[in-house]
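Here the protein sequences line up with chains A and B, keeping their order.
Mapping to my numbering: the first sequence position 206 is 206, numbers consecutive.
Just add 502 to wherever you are in the second sequence, counting from 1, and you've got my numbering.
One should not assume that every hint holds.
Ranges of calculated distance between the beta carbons of each label pair, as one might list FRET restraints [said to hold, decoys possible]: (1) A/L103 to B/R596: 45 to 53 Å; (2) A/G27 to B/R777: 23 to 31 Å; (3) B/D760 to A/A357: 30 to 38 Å; (4) B/F711 to A/A357: 57 to 65 Å; (5) B/I604 to A/Q83: 42 to 50 Å; (6) A/L103 to B/L592: 39 to 47 Å; (7) B/A764 to A/Q54: 39 to 47 Å; (8) A/R379 to B/I604: 50 to 58 Å; (9) A/R372 to B/A764: 45 to 53 Å; (10) A/G352 to B/P622: 23 to 31 Å.
Far from chain A, by Cβ distances over 10 Å, these chain B residues were calculated [said to hold, decoys possible]: (11) D504; (12) I637; (13) Y653; (14) Y761.
It is worth saying that the hints were derived from the structure and are not from the lab.
From the three backbone atoms N, C-alpha and C, an ideal C-beta is built for every residue, glycine too.
What follows is each chain in one-letter form.
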Amino acid sequence: MLEAEGISRYFGGVKAVDGVDLKIEAGSITGLIGPNGAGKTTFVNILTGYVRPQAGRIRLEGNDITGRSPHEMASLGVARTFQTIRLFRDMTVLENVQAGMHLRRPDDLLAHLLPLPALRGEARRAAAEARELLRRVGLNPEVVGAARASQLSYGDQRRVEIARALALQPKLLVLDEPVAGMNPSEKGRMRDLIARLPDHGVTVLMIEHDMRLVMGVCDHIAVLNFGRRIASGTPAEIGANPEVITAYLGADSERTARPAGTSLGTSSLLKVTDLDVSYGGVQAVAQASFEVGEGELVALIGPNGAGKTTILNTLSGLLRPDRGSIEFAGHAITGAPSHRIVRSGLIHVPEGREVLARQTVRENLELGAFTRRDRHAIRAQVDELLTRFPILRERASLPAGQLSGGEQQILAIARGLMARPRLLLLDEPSLGLAPLMVDQVFRIIDEIRTDGTTVLLVEQNARRALQAADRAYVLESGRVVLSGSGAELLEDPRVRATYLGA
Amino acid sequence: MDFFVQLFTDPASFYSGHELLIAQMGVNSLLAISIFVTLYAGQLTLAQVGFMAIGAYTSVILNIDARLPLAVGAVAGSLLAAVAALIIGLPVLRLRGIFLAIATLGFGEAFRFGVLLNLPITGEGQGLTNTGADIEGGIVPVWISVVILTYLIFCLTRSRTGRAWAAMREDEAAAASQGINVVAMKMAAFLLGALIAGYAGALDAHLSFFVDPTEYATPRAVGVLIFAVVGGTGFVLGPVVGAIFLTALPEILRFAADYRDAVNGLILLLIIIFRPQGLVSRGGLAIIRPRWWPLARS
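Chain A with its partners taken away, still in its complex shape (with noise of 0.2 Å):
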């Protein structure tokens, strides 16, 4: 039913999409997989039309459809829903559905401007077909029908945007990750409603993280990769496509991990003890207890959505934990501000790398001493780390913004260590970088550890994480589920299982 032939869509120079060929089945669930950053949201907004493709051609039943707007791929039957949640917040639920029925409804301003009933029962029918939709979704309209859309839960917030989608009457729904952030129960809510859409006629497309729902429910799956797709076939061949595994589990090195049995140091420098994180009304982090001693490099691994970068934001202070404790170097910081925990040590290199695009190298890694006072060390130890990273004395007075993606990495991190922690957090390092950065990037993380610098590690590249990693800690569902070696948990079927729900 719909053909999409050779997309292609750059951004400044990086391939975002390059020539991907997609071909959904009228009546098919096809799932759309890869690692963060591979282009399936760019992909998707291009079906959508949010995004012009440079090259290549769409077709909805035989019709060239290619760069159209957003209103007008709507109109032309393709509905969808947003990876972050995108509902009318302060309308209620059933204005919400009824806002995608805008199309099929008539002017009723008349109806408005002369109080005849004769003319309300438009309205009326409208009314009700919305709460048809909200019982389609697993909705009680009688309970949620009049709340505002910003006060129910997030799992049901996902369920009324499927719904207002559904209100178009759509012939393809494409779906961005409607199970992210929800618990088992949702996700197993959320399956059974996805795998009844074609029953309707509802044809879909879904990009997934989560495996197991991925697995179970598509008749056809497109892996994209670097904005290629690298894979395509039924979910039984994926899950034997040694490509696919690569992909996400991360580019297999020839190095070995570190021997097993390390453990935990003599001295616990992070400890952290049932902590429950929420925010937005999901809870995104239950119940985790872990521990990093003085030295070690610990990762903290798991699907998108397990509250791996939630734990990280608590632990900096960026957000503030519902129970639970977390003590760092002998003192307790649970919910302690921000300031202060970066003046004890603790240092947070964020997702997304986050330096100030504007400002030079040089002044982005002075900027890392902001909490010291000693400014003859710190010129020197600018001078230090520019010595210890090439690339960024090359470009010491660019403008941070100019350097490619994992040159910002790499500038992260060093300005990460111009504070001199004593314990590094590093956010997803390797995200959306090329193999080859990600080896420098794992290099560098590797002689961080070596100098003696205590490292909590995040990443979605589970097997390179384990194999720099001393200890490691698998999370899912904001629970931790599994500890050990790097080593053991490298040979650990049940980390496999967790990444490609196989």
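Here the structure of chain A is known, so what remains is to put chain B in place on it, guided by the hints.
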């Protein structure tokens, strides 16, 4: 306090003593409704005073030079304002938020300097003498217009178009994914706002014997926005209440003498702090809206 004492004890002489004030409350209500329409669609535009000037000059020139009645001048003035909105809307509505506000404010100033202060037909900055002015006769048409437009716009916000505007205001990308043509809908709100502002300008010009170009400057443009913000932008009665209240406020505060402006500013500040949603909000709406009204709650 004389203001209220007279209002309640001797309404007849209050009316005859405050004719201009009452008429101006009405005109300002129309301007507030005009900016409300664009705000309801999520567009922060400050071009209202420019459109108002177009309406004012058009109707006065038609009245003096062609001896055409106010009704014709008002229609011609509002249509001309809408034409101007169509021309500047195409490029300007691509902007968002503060950039849109600055660009529309720029339009108002450019119009004032380019047209009002320069062309022979507008008096080259000397203003126009309006021999046809009629304050007493202006009050009734102005207030009838306020009532009708408030009702019309209220119905419009409840209709398909209004629902699309409300959706866009909350999230443009999500609105587009429901098939709402965001560009066309923005333009519709901008045109309707210009139409109303042009109409208000025509009525306003006929309340005074002299059309003064310095009236149509930035302070007035910001003043119109303040009417709407203080009154509340979720419901059309809000801007009307805001305009009436803020137009009357300096008069009410006459007793404060030299401190009038300071007290005026203080009251504004207190309202913004304690009623950030405006004087009339969704909660207040429930009291005003009768239960039997059709489609009020679908």
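Chain A versus B/Y761 - minimum CB to CB distance exceeding 10 Å, so not interface: Non-interface label on B/Y761 holds, nearest chain A Cβ at 39 Å vs cutoff 10 Å.
CB-CB spacing for B/L592 and A/L103 relative to the 39 to 47 Å hint: violated, 24 Å
Whether the CB-CB distance between B/A764 and A/Q54 falls inside 39 to 47 Å: For A/Q54 against B/A764, whose Cβ atoms are near 59 Å apart, the range 39 to 47 Å is violated.
B/F711 paired with A/A357, Cβ distance criterion 57 to 65 Å: holds, 58 Å
Non-interface claim for B/Y653 versus chain A (Cβ beyond 10 Å): violated, 8 Å
Verdict for B/D760, A/A357 (Cβ pair) under range 30 to 38 Å: violated, 52 Å
Cβ distance range 45 to 53 Å for A/L103 and B/R596, holds or violated: Since A/L103 and B/R596 have Cβ atoms about 24 Å apart, the given range 45 to 53 Å is violated.
Assessment of proposed distance window 23 to 31 Å (beta carbons of A/G27, B/R777): violated, 54 Å
Cβ distance range 45 to 53 Å for A/R372 and B/A764, holds or violated: Hint holds: Cβ distance 48 Å, inside 45 to 53 Å.
Outcome for the supplied range 42 to 50 Å, where the beta carbon pair is B/I604 and A/Q83: violated, 32 Å
Closest CB of chain A to the CB of B/I637 still more than 10 Å away: holds, 32 Å
Distal placement of B/D504 relative to chain A, Cβ over 10 Å: Holds, because the least Cβ-Cβ distance between B/D504 and chain A comes to about 41 Å, which exceeds 10 Å.
Hint compliance for this structure: hints 1, 2, 3, 5, 6, 7, 8, 10, 13 are not met, and every other hint is.
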